[in-house]
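Student: First to last, the sequence lines map onto chains X, E and U. Numbering of the first sequence is given in full-length UniProt numbering, commencing with residue 1 and proceeding in unit increments. Numbering of the second sequence is given in full-length UniProt numbering, commencing with residue 1 and proceeding in unit increments. Numbering of the third sequence is given in full-length UniProt numbering, commencing with residue 1 and proceeding in unit increments.
It cannot be assumed that every hint is accurate.
What the hints assert, rightly or not - Result set (BS3-like, lysine-lysine): computed pairs, CA atoms no more than 30 Å apart in a straight line: (1) K112(E) / K50(E); (2) K302(U) / K7(E); (3) K294(E) / K116(U); (4) K212(U) / K112(E); (5) K226(E) / K51(X).
Claimed, not checked - Heads up, incomplete: computed chain U residues facing chain X, CB under 10 Å, no partners named: (6) A184; (7) M189; (8) P337.
To be clear, the hints were calculated from the coordinates, so they are not data collected in a lab. Owing to the predicted nature of the structure, the values given are computational and were not obtained by experimental measurement. Just so you know, even glycine gets a beta-carbon here, dropped at the ideal spot from N, CA and C.
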Amino acid sequence: MQPESLEAPTNRPIYSPVIVNNKSAHHLFICEGYPSREFQIFYSSVDDSKKTLLLVSESDSTIDHDSILVTHSELTAKLTQLLGEMPLSTTIYVLGSEAFIWDVHSVATQAGMVAEQIKMFAPVSGQRRLFCTHCYHITEDVTHSPAVCSGCQRNLLVRDHFSRLHAAYVGVQIDAEDPDDLPLPQELI
Amino acid sequence: MSTDQIKVRVAAVAQVAPMIREFTLTAVTGSLYPFSPGSHVVVEMPGEQKIYRNAYSLLSDSHDASAYRIAVRLQDNSRGGSVFMHQQVKEGDELLISPPANLFIPQWNAQKHILLAAGVGITPFMSYLPEMQRRQADFELHYLFRSKQTGAYQLELAEQLGQRFFSYDSDQAQRCNISELLADRPLGTHIYICGPEGLIKDVQSVAEQLGWPDSVIHFEEFAAPKPGKPFTVELKSTGKTVQVGESESLLEALEEAEVAVPNLCRGGVCGQCATPVAEGEIEHRDNYLSVDEKARQDCVMPCVSRAHSDRLVLDI
Amino acid sequence: MRISPKPVQSFRDDFTYTNSREAISRFPFPFVEDEYRYSVNIEPHAMSGPDGSVFEKFLDIDEHYLSEMAERAIVLKENPARCLSMKHMDLACWDMIERVMSALSADYPEHFSLTKQGDNWHWHNKLLDIQEDFVFGDSSTLPMSPLEYIGRQVQGDFAILDQRNADLFMDAGIVTCPADWSLAFDAGMSFSEWHGPVPMAREEGIFERALKYLTAIQVGRPVRRLNWTLTINARMDTSPETYPSWGNERTSVTPENVAEKVHLRVEVQVLDRMPRSNALMFSIRTYLISLEDLVTNPQWAKRMHRAMKTLPAPLVEYKGLTRFHPMVVEYLSQFDPVN
Numbered sequence: 001m002q003p004e005s006l007e008a009p010t011n012r013p014i015y016s017p018v019i020v021n022n023k024s025a026h027h028l029f030i031c032e033g034y035p036s037r038e039f040q041i042f043y044s045s046v047d048d049s050k051k052t053l054l055l056v057s058e059s060d061s062t063i064d065h066d067s068i069l070v071t072h073s074e075l076t077a078k079l080t081q082l083l084g085e086m087p088l089s090t091t092i093y094v095l096g097s098e099a100f101i102w103d104v105h106s107v108a109t110q111a112g113m114v115a116e117q118i119k120m121f122a123p124v125s126g127q128r129r130l131f132c133t134h135c136y137h138i139t140e141d142v143t144h145s146p147a148v149c150s151g152c153q154r155n156l157l158v159r160d161h162f163s164r165l166h167a168a169y170v171g172v173q174i175d176a177e178d179p180d181d182l183p184l185p186q187e188l189i
Numbered sequence: 001m002s003t004d005q006i007k008v009r010v011a012a013v014a015q016v017a018p019m020i021r022e023f024t025l026t027a028v029t030g031s032l033y034p035f036s037p038g039s040h041v042v043v044e045m046p047g048e049q050k051i052y053r054n055a056y057s058l059l060s061d062s063h064d065a066s067a068y069r070i071a072v073r074l075q076d077n078s079r080g081g082s083v084f085m086h087q088q089v090k091e092g093d094e095l096l097i098s099p100p101a102n103l104f105i106p107q108w109n110a111q112k113h114i115l116l117a118a119g120v121g122i123t124p125f126m127s128y129l130p131e132m133q134r135r136q137a138d139f140e141l142h143y144l145f146r147s148k149q150t151g152a153y154q155l156e157l158a159e160q161l162g163q164r165f166f167s168y169d170s171d172q173a174q175r176c177n178i179s180e181l182l183a184d185r186p187l188g189t190h191i192y193i194c195g196p197e198g199l200i201k202d203v204q205s206v207a208e209q210l211g212w213p214d215s216v217i218h219f220e221e222f223a224a225p226k227p228g229k230p231f232t233v234e235l236k237s238t239g240k241t242v243q244v245g246e247s248e249s250l251l252e253a254l255e256e257a258e259v260a261v262p263n264l265c266r267g268g269v270c271g272q273c274a275t276p277v278a279e280g281e282i283e284h285r286d287n288y289l290s291v292d293e294k295a296r297q298d299c300v301m302p303c304v305s306r307a308h309s310d311r312l313v314l315d316i
Numbered sequence: 001m002r003i004s005p006k007p008v009q010s011f012r013d014d015f016t017y018t019n020s021r022e023a024i025s026r027f028p029f030p031f032v033e034d035e036y037r038y039s040v041n042i043e044p045h046a047m048s049g050p051d052g053s054v055f056e057k058f059l060d061i062d063e064h065y066l067s068e069m070a071e072r073a074i075v076l077k078e079n080p081a082r083c084l085s086m087k088h089m090d091l092a093c094w095d096m097i098e099r100v101m102s103a104l105s106a107d108y109p110e111h112f113s114l115t116k117q118g119d120n121w122h123w124h125n126k127l128l129d130i131q132e133d134f135v136f137g138d139s140s141t142l143p144m145s146p147l148e149y150i151g152r153q154v155q156g157d158f159a160i161l162d163q164r165n166a167d168l169f170m171d172a173g174i175v176t177c178p179a180d181w182s183l184a185f186d187a188g189m190s191f192s193e194w195h196g197p198v199p200m201a202r203e204e205g206i207f208e209r210a211l212k213y214l215t216a217i218q219v220g221r222p223v224r225r226l227n228w229t230l231t232i233n234a235r236m237d238t239s240p241e242t243y244p245s246w247g248n249e250r251t252s253v254t255p256e257n258v259a260e261k262v263h264l265r266v267e268v269q270v271l272d273r274m275p276r277s278n279a280l281m282f283s284i285r286t287y288l289i290s291l292e293d294l295v296t297n298p299q300w301a302k303r304m305h306r307a308m309k310t311l312p313a314p315l316v317e318y319k320g321l322t323r324f325h326p327m328v329v330e331y332l333s334q335f336d337p338v339n
């Protein structure tokens, strides 16, 4: 086998364009922070009687007086409660950071939804959640690799290996073999 | 006989409906494998003309592997297998069966299970029910039958399941309205169907209109291979030719000619018998290959699929 | 003739691990050709394999049994999360107990015995001096989780893969001697997700075909494949978790110590369908041999040289061999007459 036939290893989710599932009886829109204009247009394309908007934010922001506003820490309980009242024919549309949309995915799956019912927009930023493979600590909003683990302070290489369960990428110490060999941080894309 | 077939003795035969017989099978030596709810075995039936092989669901409690039970409906247009089971097989006879395999396992993460059985399609659910009760799962069983022919176990099911049991006897003009059955179901509901193709299609079509996701619909159709026009099959490696008759499957014709093809479900689901095709036009009838794979016309599932052309060359 | 387990040797600190001559002769050497080639190399794990080989029995219990069990106990004490099982995997873990206890007691009656009276089982592990009366299927009758209980008594790592929606999920496992993957991180992943980091020929449909094959594995028809890498020192626990404490050993290889330090690490991976749960049991049994011991077989020495010399660069990098790979090739070249 020739080396060039080997592709760079990667396990990152792929985000396809999101379209409204017209067959669905109910549509649940979930957005982290203030909704983008595209998301607002998308939201307004669905009949009012068939939709719910859940905004997740630490500050008071609302685009629709019918929307439900929760903080990140309230999300799991509120979403679980909402889904408990919804019909099998429900579709979720979620916009936010990558960690956020996969957190929503986990809650929705726990509530009995299947993957095809959860439509995810491409993450709004390149920020990543990082799982330290040495101390299992989570570091949020990582933008560069290597990054410092907020648990054990080691310098972690951010690998393109994503866990949907942890909603995080894996981080492995980069200078364990040679402490003098620490590359400059590169921005993650 | 393939190396891992199990020799079993028919310990009991019982008529459980006008057209359905139940067979209790015990190991001749050693013990039987434990199994998971929804499993089936392939029973080999040495008829006078040829060997028949049919898949039958295990209907005993999966916690008890001391014996396997299967139920066989006498088919109106039997190709030989069900007639053999009904007319030839007696208590004390020995048969060969495959180890259990499962292509219809319950989704244990579902929050609500709707079981929909038609006729002898009750069989896989007989092994679901004890495990669902042990796990205190939320389920309901809808059972469609014609009491003049089928309807096995309906009285004991009604007694055991109480309000979870719904029966529809079309010989008493009781109909199951699929739209009503599927309406207003909560998130986390999964449906399992075992019955004829038409019933599966009805459920799929209503579910699609209601906006249900495909992956909450599970079905098992152990329909016998349907007849088709005869054709000739040629093996590319040896040039050997085999005639496939109107009422036998390609797989059966190959087995008859002592061409070994690995297989498991014999119903176009599991993919074990996938065989490369070098020439000829395939009439795909399986649920295994994707639409793209079928369009390539380079692989056939001989357990159910046939040839459009008069001749098919297999690349084996 | 089978070798008896020998007294405990270490896979860390002073590395007292050694292979006897018999252990060397039965080592599962993985290269079947004189050139490295990627292949799926999957075959039936049919019983019984050749007498005395590592494939003779379903589970191979060899001279390192006590050492590997002692090493596993150390790893679990340091980090209990190296064994995990999601709630829905309980039945599959009991499947594993049944499979392992039945196989060990049938294949090694001198070391293990199992007596059943209905669901009341009695297990005796004479090597570890463990006796247990328990009720099959009732986890409260064991001193720890079913997976940890049996995992502490059998060599090799185990992952239990749940099968649903025509896919496989890493939902349980006891993994204390992995070749650089973390069960804690990979938990819950689907087949294609946990293979994401593996460089291989991504020809169209390769994952789909592999998955269709694996999900169709039948009860009573296990299959196996070999995998390999190189490890510095006889270290069993080359996990990402502990990498900060062993990574620097990769810089310790010199032309003088390469034969002693560098070990060929071979995994015999077996996939077996669990009958009660329909899960797949994925066992990963690791064998270590120093290059010094390996080259006592001239044919292995020659093949090893050719395989290492032709190893594609992305694999050298992926397997973490970059720092010492040239020294390995140079050392092995003396055993290859072409050079």
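Student: None of the hints should be skipped; say for each whether it holds.
Tutor: Status of the hints after comparison with the structure:
About 44 Å separates the Cα atoms of K112(E) and K50(E), which puts this hinted pair outside 30 Å; it is violated. Annotation: proposed proximity of K302(U) to K7(E) is violated, straight-line Cα distance about 49 Å (limit 30 Å). For the given pair, K294(E) sits about 50 Å from K116(U) by alpha-carbon distance, which is inconsistent with the 30 Å threshold. Simply put, K212(U) and K112(E) have alpha-carbon atoms about 28 Å apart, close enough for the 30 Å limit, and the pair holds.
At roughly 46 Å between alpha-carbon atoms, K226(E) and K51(X) are farther apart than 30 Å, so this suggested pair is violated. A least Cβ separation of about 6 Å between A184(U) and chain X falls short of the 10 Å threshold, and the interface hint therefore holds. A hinted interface residue such as M189(U) counts as satisfied when its beta carbon comes closer than 10 Å to some beta carbon of chain X; here the least separation is about 6 Å, so the hint holds. A least Cβ separation of about 25 Å between P337(U) and chain X goes past the 10 Å threshold, and the interface hint is therefore violated.
Going through the hint list in order, the structure does not satisfy hints 1, 2, 3, 5, 8.
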